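Hey, can you work out the whole structure from these sequences and the hints?
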Amino acid sequence: MSKWIAASAALALILGAPLAVAEVGSSKLPISLSAVDKDGKPLPTYIVPKDADILRHDNAEQIMLGKRLLNETKRLLPENVGANMNCNSCHVAQGKMHFGAPYLNTVNSFPQFNPRAERVMTLEERVNGCFMRSMNGKPLAIDSKEMQAIVAYMQWLAQDVPHGGKAVELVNSGPIDMSLTPDPVRGQAIYAKQCATCHGVNGEGMMDGAGNVMFPPLWGEESFNIGAGLARLYKAAQFVKYNMPMGVSKTKPWGQGNVLSDQDAVDVAGYFTQMQRPDFPAKVNDWLSGKKPKDARY
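Numbering (mature numbering (1 follows the signal peptide of the UniProt record, and there is no 0)) for the sequence shown: -22 to -1, 1 to 276.
It should be emphasised that the hints constitute simulated quantities derived from the structure, not laboratory data.
A quick note: this is a predicted structure, and the numbers were derived from the prediction, not measured.
Just so it is clear, CB atoms sit at the ideal spot from N, CA and C, and this is done for glycine as well.
Keep in mind that a hint or two might mislead.
Taking CB as the label site, the calculated pair distances span [to be verified]: (1) D31 x S267: 40 to 46 Å; (2) N92 x K16: 16 to 22 Å; (3) R164 x K19: 45 to 51 Å.
Once the Cα atoms are required to be at most 20 Å apart in a straight line, the calculated SDA-like pairs of lysine to any residue come out as [stated by the list, open to error]: (4) K28 x K16; (5) K270 x T159; (6) K213 x G187; (7) K213 x P162; (8) K270 x I204; (9) K213 x D242; (10) K261 x D273; (11) K261 x A274; (12) K270 x Q252; (13) K16 x G142.
Rendered as structure tokens:
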């Protein structure tokens, strides 16, 4: 977990063959993925687009704004972001990475039923949920240029995959053994060894010399609030196992994950998720039917 990527490295069931990859410098990035329509019928191969492709589109300026907003959320939207977080602090490689909360299938997956809200939500509502929870901030106006730009970027990522279709071989996050009981004391030791270099000894995160977010805080008043998905034990453990520490593993395009065991990930998540963080008063409206997951903080 030592490197959540912030500025430059800003949600699906595995159905097909392994990811096709292309060499990019000394690293590998996914370039092509099998795709299916809403009925599961094959579509032309989905190509993960290069950012340079944005300039070919009539709404390039809007797409580029969306890209920047996801990368530089704290700096560009200070009135809407209370935490020292960017959207891409959690969405690895600007939302293009397997296991790293990718955006590639997002726009075609909405409207979507949300178990926490227990209703169907639009993409814009889901984005605002992140602003209010993960960013501990305020929602964007649905018709604002910023919201429209964020959606435009996700639409660009979807490329020619029709609504309801998806790029397969791509998952939001990998599985974790939810029968494991966390040991926060052991988790603290793992945190000190694997995470503190980037996220700080006291979970405070790291800023660059200009005051921009490099690595987000994992607890404290400037972190995500108690209503965020990453405040949940097993949700956090999933992300940690498959993405952290960043730049250590040699087997994935961004060198993320494959370092900690399930127990390690559950232990370290058991440590930092239970630390003090902002409250989320609107949590009283979550899981109203009583179907609350066992790892919810409230």
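(request) Find the hints from earlier in the document that the structure breaks and name them by number, from lowest to highest. (result) 4, 6
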